[in-house]
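As you go down the protein sequences, you meet chains C and E in turn.
Per this note's numbering: the first sequence = residues 1 to 259.
Per this note's numbering: the second sequence = residues 1 to 257.
It is possible that some hints are incorrect.
If you want the ones that stay clear, here's a sample from chain C, every Cβ over 10 Å from chain E, calculated [as the list claims (entries may be wrong)]: (1) G55; (2) G92; (3) Q111; (4) A135; (5) S146; (6) E164; (7) P177; (8) E193; (9) R214; (10) R247.
In the SDA-like style, the derived pairs of lysine to any residue whose C-alpha atoms are separated by at most 20 Å in a straight line are [stated by the list, open to error]: (11) C:K189 <-> C:I123; (12) C:K85 <-> C:M115; (13) C:K114 <-> E:L41; (14) E:K175 <-> E:R34; (15) E:K2 <-> E:L12; (16) E:K175 <-> E:M66; (17) C:K114 <-> E:R34; (18) C:K85 <-> E:S136; (19) C:K114 <-> E:A76; (20) C:K189 <-> C:E34; (21) E:K175 <-> E:A76; (22) C:K114 <-> E:Y38; (23) C:K114 <-> E:P35; (24) C:K114 <-> E:V33; (25) C:K114 <-> E:I37; (26) C:K85 <-> E:R40; (27) C:K114 <-> E:S134; (28) C:K85 <-> E:S134; (29) C:K114 <-> E:A246; (30) E:K185 <-> E:L170; (31) E:K175 <-> E:L70; (32) C:K85 <-> C:E69; (33) E:K175 <-> E:V67; (34) C:K114 <-> E:L39; (35) C:K114 <-> C:Q80; (36) C:K85 <-> C:R63; (37) C:K189 <-> C:Y219; (38) C:K114 <-> E:I42; (39) C:K189 <-> C:E126; (40) C:K114 <-> E:P36.
No wet-lab data here; the hints were simulated from the structure.
The beta carbon of each residue, even a glycine, is placed where N, CA and C say it ideally should be.
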Amino acid sequence: MTRATPKIELADLHVAFGANRVLQGLDLTIAAGESVVIIGGSGSGKSVLLKCILGLLEPSRGRIRIDGEDVTRLSGAERQTVMRKFGMLFQGAALFDSLPVWENVAFGLIQGDKMARPNARRIALEKLAQVGLGADVAELGPAELSGGMKKRVGLARAIARQPEIIFFDEPTTGLDPIMGDVIDRLIVKCRTELGATTLSITHDMASARRIADRIAMLYQGRIVWDGPVATIDRSGNPYVDQFINGRAEGPIQMAVSAA
Amino acid sequence: MKLLVLIGRTVLHGFETVGSLSVFSGQALAHGVRPPIYLRLIGMQMLEIGFYSLPVVGLTAIFTGMVLALQTFNAAARFNAESTIATVVVLSMTRELGPVLAGLMTAGRVGAAIAAEIGTMRVTEQIDALTTLSTSPFKYLVMPRVIAGVTMLPFLVLVADIIGVMGGYLVSIHKLGFNPAAYLKNTFDYLETMDVVSGLVKAAVFGFLITLMGCYQGYHSRGGAQGVGAAATNAVVSASILILAANYLITEFFFAR
Ligand SMILES: Nc1ncnc2c1ncn2[C@@H]1O[C@H](COP(=O)(O)OP(=O)(O)OP(=O)(O)O)[C@@H](O)[C@H]1O
Ligand SMILES: [Mg+2]
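The following block holds chain E by itself, in its conformation from the complex (with noise of 0.2 Å):
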């Protein structure tokens, strides 16, 4: 019995949170098309968001490309097919790589640093504040940060692919002896539109569930700066198991046929 009431308590707590971020996406949405657009805001959270986020995707970014061509030329040496790492690495850089670990990464930075803000203002009641002067936090906090996040990460992701790319160029001319025309030839020969686009499509997708998460966890937080924690800490969780689901979702959508 004790089982039974906690599975459907479950289930219920997850309806209810299901219901409640669809209002509060739905609200954030329904904000965003109707002026006023705060135009000085949403320039402010860009930078955040997209220029401070720049080290942190890069380094990851460079690594992965790098550790990318060292795999690759371990493992397609078994077969002989050493010529496929440039074609490798920049599929998996442009396709999953970029996207997927610039979104984590981001979720973990800018995810993490949202809920906090929104909700040390939720509990120290500036939340509160901001209604009473007529000015919907929707408005003016939610809506500047989802816009910038989703505008901002496909930017990430593109510099993410540019250097992932570089970084696997680097390993293999300097380490594994390829020759550089053949190597870049190799990349961009088997490169189509479609596989910039996609992971591009994803970027803005993941740049939309971080800040929506970020938003909505600070949003609803509660308790003082417990609360904020908690908000912080779910709001990366979730973010990043979310990206993960819809990556898969979007790679369906492109690639499965």
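So here's chain C without its partners, still in its complex pose (with noise of 0.2 Å):
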């Protein structure tokens, strides 16, 4: 049987910090051109997972494929050409504080791609428009965004050189609806119009269903439930059930205790 090679493969993904066993075992396919989005519960280790696929974190066993590259362990040169690839929103938006918004925007094409600044300018404010973001917020500093502001700059930051594979860790949360839906359409079109393969995390299912093709959840470091975003609600997994109703009661125990 022969089929087109998975953008991204991650096999038997162990990650743990000391005795915190964060992913124990995950496998997990995506084709080019795919967009998936993994849910999961506060602290399963969603963002830990796009660190490691992005070599940040060094997993302590399991195999990372990148169009059929082994990426597991790259060195420092190796591993600033397979980043060419990817572009990645942080939860926390990590912003370069040093630097003005548009600066933060350029950063890859000015540094990684060589571009000249003009050009890279103006690109920058193209994105920084298709956030919502006007010129006017470009010369400003990162300290002197709102927390949603942020998260769209590094949304911006994100989609401006035109990676294959984009991974957004929520990249809703902190955002208005509206402007969560604009986001959620903006991602969309990264694929339609860009053939980027995007992973998303998020924890708004009204968001995952606009612009997940497939879903994933997330529990106690493997992949419990994987299928088609149709699917979801017939899934008969009981902890996608759960997790997709918001429910307290179930399988998943929040380690909380009742009052």
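Dock chain to chain to rebuild the complex, using the hints, since each chain is given by itself in its own frame.
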């Protein structure tokens, strides 16, 4: 049987911080051009998973393949080449606070791709407009922005280089519902118009339904369910059912003491 | 038994730190020689480390030179060797006090600032973001600071030497009543090139140590504001101790024969 090489292939991924075993044998395959949303409880390791794929955290066990190439353990220079394929929106935006907003967005273009500054600035302003931020914001420092604005600048930075693979860590958290929808559409556009493969994390099920082809649920370090977005309501999986309906009772026990 | 475990753990931890510090400096150096070189960032760091440290280094130097003249006068008077003041001041400043005091003062000023800045970037994931934008944190953050440290510390020390000698001169002439021409003659007659050069070599090494420790501690900081604070403290303490140790080794290299 022949099939296209998956864009991202994770096999038996293990990550631990001391005794805290966060990922425990995670498998996930994402095809080129697909949009996958990962859901899962707070602290279940979703952000860790993204950082692991990006090589920012080293797994203790397992394999990561990008376009069929094993990228689990790469040296600095090789890593930089692979990074060209990625765009990442960090959960906390992670803007460079020594640089104005537009330079944050243009950073990858100027430093990574060696683009001339005026060109990079033009693209940065374009991307900022796409996330609903005007030219007046471009000259501000990140410290002068609201939380939602930072998030949107981070998003503009993630898509500025038109990467093949884009990770969005909670892109709509902290945004109003209208702006949330705008951002969802932008993420969908990245896939439909640029052909990017996207992997997003969200707690907002409405948003997940809008941007996902496929939804994967992370629980106790593994993907416990994975299927097309249309089937999520009849997954037959008790974890998924409990999660998407937001019930406190069910197989997922939150570590809170009942008063 | 407990004691043995404690000793063992401390020794292991020590080796671990030395190991990771070596890897860190190795990477910093490997990145330093490969393009791209960020000239603009190097320039900014030179300004920050060199130019803005001038007041603190200058003040340290002038008071040290003044005190040195007073103390030497007081001590030398006991065996009628007052004429050696100029020589003692200039040799102490160029060989030892200029580099060591400038080094320690910049370690406090610059080392802590570097560790805090890079540490904050670490805990707010800005360093991770750099990597995802195909930019090596070693090239972008570490190298400009280390280069600026290695080049600017000699400059600072040269300034400290001159100001320190001037401080000694002021006290000797105006307070102790020396003859200006004779004092200057004594200053330069016994000064050898090696005295100044050894001091500048020390300065370059200290500049490397200060910036390296600042970057290393910041880069490896973890756990929010508290971690960043600890990184800044560690950067200053470790750089200061390394400066004093390196000072001895370099002095031995230049003068112990
Ligand atoms: N750098 C780190 N050092 C130590 N532990 C960490 C680190 N990063 C994450 N963890 C731990 O890993 C676990 C998963 O964290 P992660 O940030 O992936 O959660 P998450 O699923 O993204 O949660 P949320 O939805 O709240 O963002 C947590 O228990 C956290 O304590
Ligand atoms: Mg997270």
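Test the statement that G55 of chain C is away from the interface with chain E: the closest C-beta pair must be farther apart than 10 Å.
-> Label violated. Min Cβ-Cβ 8 Å, cutoff 10 Å.
Decide, holds or violated, for the assertion that all CB atoms of chain E are farther than 10 Å from the CB of G92 of chain C.
-> violated (6 Å)
Pair hint outcome, K114 of chain C versus V33 of chain E [Cα-Cα no greater than 20 Å] | holds (19 Å)
Are the Cα atoms of K114 of chain C and S134 of chain E separated by 20 Å or less?
-> Within the cut-off at roughly 11 Å; holds.
Would you say S146 of chain C is clear of chain E, with no C-beta pair closer than or equal to 10 Å?
-> Consistent with the label, S146 of chain C stays out of reach of chain E, its closest Cβ about 17 Å off (over 10 Å).
Are K114 of chain C and L41 of chain E close enough, with their CA atoms no more than 20 Å apart?
-> holds (16 Å)
Holds or violated: K189 of chain C with Y219 of chain C, Cα cutoff 20 Å?
-> Violated - the C-alpha atoms of Y219 of chain C and K189 of chain C are around 29 Å apart, more than 20 Å.
Decide if the proposed pair is consistent with the structure: K114 of chain C and Q80 of chain C, CA atoms, cutoff 20 Å inclusive.
-> OK: K114 of chain C and Q80 of chain C at ~14 Å, within 20 Å.
Pair hint outcome, K189 of chain C versus E34 of chain C [Cα-Cα no greater than 20 Å] = Judged against 20 Å, a Cα distance of about 12 Å means the pair holds.
Verify the proposed pairing of K114 of chain C with A76 of chain E, using a straight-line Cα cut of 20 Å.
-> Roughly 64 Å between the alpha carbons, so the hint for K114 of chain C and A76 of chain E is violated.
Agreement of K114 of chain C and I37 of chain E with the hint, judged by alpha carbon distance not exceeding 20 Å | Status holds; Cα separation ~12 Å.
Is the nearest CB of chain E more than 10 Å from the CB of E193 of chain C?
-> holds (22 Å)
Consistency with the previously given hints fails for numbers 1, 2, 3, 14, 19, 26, 29 and 37, ordered from lowest to highest.
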